[in-house]
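S.K.: As a plain string of letters, each chain reads:
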Amino acid sequence: MRSARSMNLKDNMYSSNRTIAAVSTPHGKGGIAVIRISGEDTMDILTKVFRPASGKDISSYPERYSVYGNIISNGKRIDSGIAVFFRGPGSFTGEDTAEISCHGGIYVTNEVLTAVLTAGAVLAGPGEFTKRAFLSGKLSLSEAEATGELIDADTHDKMMLFSSAVSGNISSSVSSISDELNDAMSLLYATIDYPEEGLMEADRSDIIRGIREAKAKIDRLLDSSVYGRAISEGAKCVICGKPNAGKSTLFNLMANENRAIVTDIAGTTRDVLHERVSFAGITLELYDTAGLRQTDDVVEKIGVESARKEISSADIIIDVIDSSHMDKFVPEDIEGASVRIAMVNKCDTSTGDIPVPEHITSSHDYVISSSLINKKGLSELEDVIRKIYGSDRYTVGKDTIIWSARQKAQLGSSSEKLSAVLHSLESGAPDDVICTQFEDAVRSLNDTDPSNVNEEMINLIFSKFCIGK
Amino acid sequence: MVNNKFQVIVAGAGHAGIEAALACARTGLKTALFTLSLDAVANMPCNPSIGGTGKGHLVFEIDALGGEMGYAADKATIQSRMLNTSKGAAVQSKRVQADRVMYRDIMKRALENEPNLELIQGEVSELITEEYINGSYKVTGIKALPGGEFSADAVVLATGTYLHGVTHTGEVDRDSGPDGLVPSKGLTESLTSRNVRMMRFKTGTPPRIHKRSIDMDRLEVQIGDEYIVPFSVRTDVEELNSRKQIECHIAYTNEKTHQIIKNNIHRSPLFSGKIHGIGPRYCPSIEDKIMRFADKERHQLFVEPLGLGTDEIYLQGFSSSLPADVQYEMLRSLEGFEHAEIMRYAYAIEYDCVDPLELQPTLEFKNIRGLFGAGQFNGTSGYEEAAAQGLVAGINASLYVRKEEQIVLPRSSSYIGTLIDDLVTKGTNEPYRIMTSRSEFRLILRQDNAESRLLKYGIRSGLLSQQRIDDLNAREKAVSDELERLHTLYFKPAVINPVLEARGTDKVVTGANAEEVIRRPQIRYDDLLEIDKDNPHLSRELRHRVETEIKYSGYIKKQLDDAAKQKKNESIALPDDIDYSSIKGLRIEAAEKLAKHRPKSIGQASRISGVSPADITVLLIWLEINR
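Residue numbers (my numbering), protein chains in the order written: chain A, 1 to 469; chain B, 1001 to 1627.
Because the hints were derived from the structure by calculation, they are not lab data.
Where hints are given, some of them may not hold.
Just so you have them, the derived chain B footprint on chain A, three or more residues with Cβ under 8 Å [to be verified]:
hint	region
1	120 to 129
2	186 to 200
3	418 to 431
Below, in silico cross-link-like pairs of lysine-lysine (DSS-like), each with a Cα-Cα straight-line distance of 25 Å or less [stated by the list, open to error]:
hint	chain 1	residue 1	chain 2	residue 2
4	A	K417	B	K1565
5	A	K408	B	K1426
6	B	K1558	A	K417
7	B	K1211	B	K1256
8	B	K1274	B	K1426
9	B	K1256	A	K48
10	A	K417	A	K236
Across the chosen pairs, the derived CB separations fall in these ranges [unchecked claim]:
hint	chain 1	residue 1	chain 2	residue 2	range
11	B	T1488	A	Y194	41 to 47 Å
12	B	T1505	A	K398	48 to 54 Å
13	A	P62	B	N1263	46 to 52 Å
Ideal Cβ positions, reconstructed from N, Cα and C, are used throughout, including at glycine.
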């Protein structure tokens, strides 16, 4: 009887043996489209579907040579274009690879791909080119993960984040911390294995210091994940509050354009306005909600419902509160929101500082006085969000920033295990126990960017990538 | 030739060869043991010391599998120390100073007393083989000088540092084995002509000095332990502890010594490039230490007698290949050694050994059936490492001849298993020494439980008597009964608090569980004997074992889980005849490494450097499809 796992392995084998092909450029009309082929039959297939204009055989050209010619299907020319052959292991996937550039029409592209498949290739699965690059040792795991993300990057910060990771900054951070940890423990190991060499006994306080310093670096990487996630996934920020408190003004200021309709009449905003904005160095999915009040107006009712739905899954909630109605503020009973910020607005209408009542300060993580109409309070809000998401502490492209839940879980586990090592060191546990715990912690750390992962992990990671890369 | 048929022939009567020959003879096989000199059986050409970190573990394990080393070492002990007592139960290692001549005589006698064993002085100079499948060979015998041809079903090679041995003392180099004994030749050619890769390693030894020329009073004294834990369960503990132990001493190098070495470094064949063999990093020559660690003000040296019947003194840590005149000069710069008389000069020795990647985890050659390798011949260093392999090679040679399944010791079972797995899986580019840090299972691989963790293999070895197995089972039961009793034993505060207070740990207000109490770092099992009227009066060794099991139980559990996980991978076998180059998806580098190493299991494959887990995945898939 075959288990589900073994079936899975078999599926894997099916394609991992075969030469794969896919259209690597986006689906749709374009000047050109690129069909990529990878696997050991690449040259065979290429010879069948591509005839150089020179009349020579494509295989007679040196590798990486751009060759102009005709693309052939069933003995008939279907298009003309350029073919380039890369010999493994000097290719992206590490296997023999070819790229055929043809005209970018949907129909033409499909014809060319069909010709390639007919000539012996199988259609590539999701992320399969990257998977092969990883399997052949051309990419480390974090580099492979970042490759998929880089393709999807739709902001400058995302591009910077993932291109740093593709170039290996996570791998090098992890290995340098790992070296540091080993360095801290080396004397302890030496004295265990060479008790008679007259080595000075390892000073535990030195070891503790060394491990703490390395652990602090792991913890910093862990901390960076908030920022990394905010860049890669964005954070959902919902602006709520009583009608006419200034929600739309804030929304417009943050979105930097006059999007929501701003009037003095309560209940003007009737829908949840949604905008993806770049604010305080991160991507915010910004929602301006309709006034959350009981209403008989049908349209407005829909707005209220919609607002409640958005709020329930928000990362940040900004309560905009009219400074003259602070006593009436009642916090919405919301689950799941991680951070609440109070914007006490319209501080321009009275003089001096307005004391904020306790029921507001205690129900919010941050309280900001603002006069949104005069753009006052916006930079304070920016500071608060920078602090929450780490954009005040990390610079994308310069610092190593992690973003994936997997990386975070590995580093978190390593950090926890190092805490246990520190505890053992401090409480006087024997050296053999400490070494054993230590090795476990280092293993978790190294698994953040492993050269070794199990097959379930490989499948999970690579199924996330889009076809064609 | 009248008597030229044997079932097993062993080449070399050093620590590996002895264990191999005894294992075969004791399992009923007609065995011949060839040695270049009957006077150099079980020779300790370096320090007459047995045990040390990791090595002590090996000796306990050898005893557990039915080997001889532990028993002989106990008999020849003139000083014993337990190292690392403050560093945790798992890394505690016993080291003894042995009387070199006594050890040799005990071992020689053990060999002579073995009815199935013939001990013969002569050199094994050639292998006789026949063609086997796929271009491989099968051993059928050997040629010896003198003696001629001998037939055998299995042959164990344990040539130590004798094979094409060359010694170096400064500018003087000679074709020689250790201790000025004759070297052996021939076998290298026998192996390379059958496509076996050989390597050339180097090791060295310090000078021996006449005791009367050392001013011992000016040196630090090092005495043995008050109580000696025996290596072997066969040893009479009382007799062992009734012996008077000798004193050893500690000396130090100084600035002057270092200067002499630096001034003469060009005369060291190690530095002049004359020695090509690769030496062990962990056992460097004194010139190596001075040149590599120029900042270190002094290096520690151990001053240890070679035995009770001689005045020769060994100077551990002073190994060198410098010329004789420089040896005098640097030696006499040491405090207490101003008038030192050298009896044997220090020398470096180069020798041929096999690339252990040529071997299977059973220590049988991959390419020559029935041929086994053991000891320094396999690229290791140390008497204990040698004996451990000799025993495994012997047990497996015997199983091979008797057509039974051979034994592979898993890494989680022992340091012996770890040592062999490291050798045959990763290979080595220097003489390999065992270390506790080589084991990922160190918490479960302790000296105190060697017998228990190897019981299964001890029984299979056929070297344990039924009486011994019964005794062992009785000891196991005593330990588990006691652990169970302590689990449910509670002390009233009035009873336990005085003990806790005396040991400086917190008092209790309600009843205290015995196990919980023992788990406290300050409390020893023995502290409770006084108030624990029902205690079963276990032996000192078993009390230690019970205490360790309790104190380490939390950590041990995780290691046991890891061991079980590893076992799963070890049980996925890789066929011998896989054509790795034909497996698609396997990287070229990995395919080459796998073809070279020919791992027996997925677990072993995963430990080969250059084989990534991605390659392992490919292998798993391939296995799945070709099942």
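S.K.: Now tell me if each hint is right for this structure.
M.R.: Status of each hint after checking the structure:
1. Judged by the Cβ-Cβ criterion of 8 Å, the region 120 to 129 of chain A is not covered by chain B as claimed, because only 0 of its residues qualify and three are needed.
2. Coverage of the region 186 to 200 of chain A by chain B holds in this model, with 9 residues showing a Cβ closer than 8 Å to a Cβ of that chain against a need of three.
3. Here the region 418 to 431 of chain A counts 5 residues with a CB under 8 Å from a CB of chain B, which clears the bar of 3, and the coverage holds.
4. For the proposed pair K417 of chain A and K1565 of chain B, the alpha carbon gap of about 20 Å is at most 25 Å, so the pair holds.
5. With a C-alpha separation of about 33 Å, the suggested pair K408 of chain A and K1426 of chain B falls outside the 25 Å cut-off, and the hint is violated.
6. As the CA atoms of K1558 of chain B and K417 of chain A are separated by approximately 13 Å, the hinted pair is consistent with the 25 Å bound.
7. Only pairs whose Cα atoms come within 25 Å are accepted, and K1211 of chain B paired with K1256 of chain B is accepted, the gap being roughly 23 Å.
8. The straight-line distance between the Cα atoms of K1274 of chain B and K1426 of chain B is roughly 28 Å, outside the 25 Å bound, and the hint therefore fails.
9. A distance of roughly 79 Å separates the Cα atoms of K1256 of chain B and K48 of chain A; the hinted pair therefore is violated under the 25 Å criterion.
10. The straight-line distance between the Cα atoms of K417 of chain A and K236 of chain A is roughly 33 Å, outside the 25 Å bound, and the hint therefore fails.
11. Distance hint check: the CB atoms of T1488 of chain B and Y194 of chain A are about 43 Å apart, consistent with the given range 41 to 47 Å.
12. The beta-carbon spacing between T1505 of chain B and K398 of chain A, approximately 51 Å, falls within the hinted interval of 48 to 54 Å.
13. Separated by about 59 Å at the C-beta atoms, P62 of chain A and N1263 of chain B break the suggested range of 46 to 52 Å.
The structure is inconsistent with the numbered hints 1, 5, 8, 9, 10, 13, although it conforms to all the rest.
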